[in-house]
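Novice: From first to last, the protein sequence lines stand for chains A and B.
Sequential numbering from 330 applies to the first sequence in my numbering.
Sequential numbering from 7 applies to the second sequence in my numbering.
Treat each hint with caution, since some may be false.
The following label-pair restraints were derived from C-beta to C-beta distances [said to hold, decoys possible]:
(1) B:G101 - A:K346: 35 to 45 Å
(2) A:K386 - B:P20: 40 to 50 Å
(3) A:L368 - B:L81: 28 to 38 Å
(4) B:N28 - A:G369: 12 to 22 Å
(5) A:Q379 - B:G22: 40 to 50 Å
(6) A:N339 - B:P16: 19 to 29 Å
(7) B:I24 - A:K386: 37 to 47 Å
(8) B:L116 - A:Q379: 24 to 34 Å
(9) A:N381 - B:S88: 37 to 47 Å
(10) B:A117 - A:G380: 41 to 51 Å
(11) A:K346 - B:S46: 23 to 33 Å
(12) A:G345 - B:D64: 26 to 36 Å
(13) A:G369 - B:L116: 35 to 45 Å
(14) B:G47 - A:G380: 29 to 39 Å
If you are wondering where the hints come from, they were derived from the structure by calculation, not from laboratory data.
Keep in mind it's a predicted model, so treat the numbers as computed, not measured.
Using N, Cα and C, we set each Cβ at its ideal position, and we do this for glycine too.
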Amino acid sequence: GAGVSQSPSNKVTEKGKDVELRCDPISGHTALYWYRQSLGQGLEFLIYFQGNSAPDKSGLPSDRFSAERTGGSVSTLTIQRTQQEDSAVYLCASSYTTGPRKAFFGQGTRLTVV
Amino acid sequence: QKEVEQNSGPLSVPEGAIASLNCTYSDRGSQSFFWYRQYSGKSPELIMFIYSNGDKEDGRFTAQLNKASQYVSLLIRDSQPSDSATYLCAVNPSGTYKYIFGTGTRLKVLA
Chain A
330 GAGVSQSPSN KVTEKGKDVE LRCDPISGHT ALYWYRQSLG QGLEFLIYFQ GNSAPDKSGL
390 PSDRFSAERT GGSVSTLTIQ RTQQEDSAVY LCASSYTTGP RKAFFGQGTR LTVV
Chain B
7 QKEVEQNSGP LSVPEGAIAS LNCTYSDRGS QSFFWYRQYS GKSPELIMFI YSNGDKEDGR
67 FTAQLNKASQ YVSLLIRDSQ PSDSATYLCA VNPSGTYKYI FGTGTRLKVL A
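Please work from the sequences and hints to get the whole structure.
Specialist: Take a look at the structure:
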């Protein structure tokens, strides 16, 4: 695609429910990143994929969070048993793995846990 | 010490002036540096990247990198009200592929 696409744009869920957030990166970008941005805060790194493998999961805040990437393309971030503190904008970015590795972001998924 | 530090602002400049945004980083081995612009309610948009010491110019934007002093800056010439946004500095530390972001500097360009 022309840009990074994320779905849904908005998600309201009840505390305790599971949610899945989807990211479709720019075609040809083998690197994919998930970040989280809470209201008025900076970007918090969650996980990095190179191809289908995730060499860096250091930012996942708890074992309720997991992510996978299949076919070297689409990625899904899953949050189990959501808590109110999970409310944030979840941003996905992709880049090439060579050169200056410029990362381009999708429009984000705004998650609200009520 | 935070890995990437920015003054949160707001930085207010009059229209037509030069806006100067600064960022310091802690990992001396960092190789790549990026500036993103984020409008309220929108996702970050890449506007500049730099990886060599010195200046890099692109239109009204100039990125400056000084690895010895571990700072990177962004100059915006002829600032316009449409430049009003939060500017995020991002650094790619050595040995990792992730980007560490500063908390951003809010810029207000006054008409």
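Novice: Indicate, hint by hint, whether the structure satisfies it.
Specialist: Evaluation of the provided hints:
no.	hint	in the structure
1	B:G101 - A:K346: 35 to 45 Å	holds (38 Å)
2	A:K386 - B:P20: 40 to 50 Å	holds (46 Å)
3	A:L368 - B:L81: 28 to 38 Å	holds (29 Å)
4	B:N28 - A:G369: 12 to 22 Å	holds (20 Å)
5	A:Q379 - B:G22: 40 to 50 Å	holds (44 Å)
6	A:N339 - B:P16: 19 to 29 Å	holds (28 Å)
7	B:I24 - A:K386: 37 to 47 Å	holds (42 Å)
8	B:L116 - A:Q379: 24 to 34 Å	violated (44 Å)
9	A:N381 - B:S88: 37 to 47 Å	holds (40 Å)
10	B:A117 - A:G380: 41 to 51 Å	holds (48 Å)
11	A:K346 - B:S46: 23 to 33 Å	holds (29 Å)
12	A:G345 - B:D64: 26 to 36 Å	violated (48 Å)
13	A:G369 - B:L116: 35 to 45 Å	violated (22 Å)
14	B:G47 - A:G380: 29 to 39 Å	holds (32 Å)
Going down the numbered hints, you'll see the structure goes against 8, 12, 13, while the others check out.
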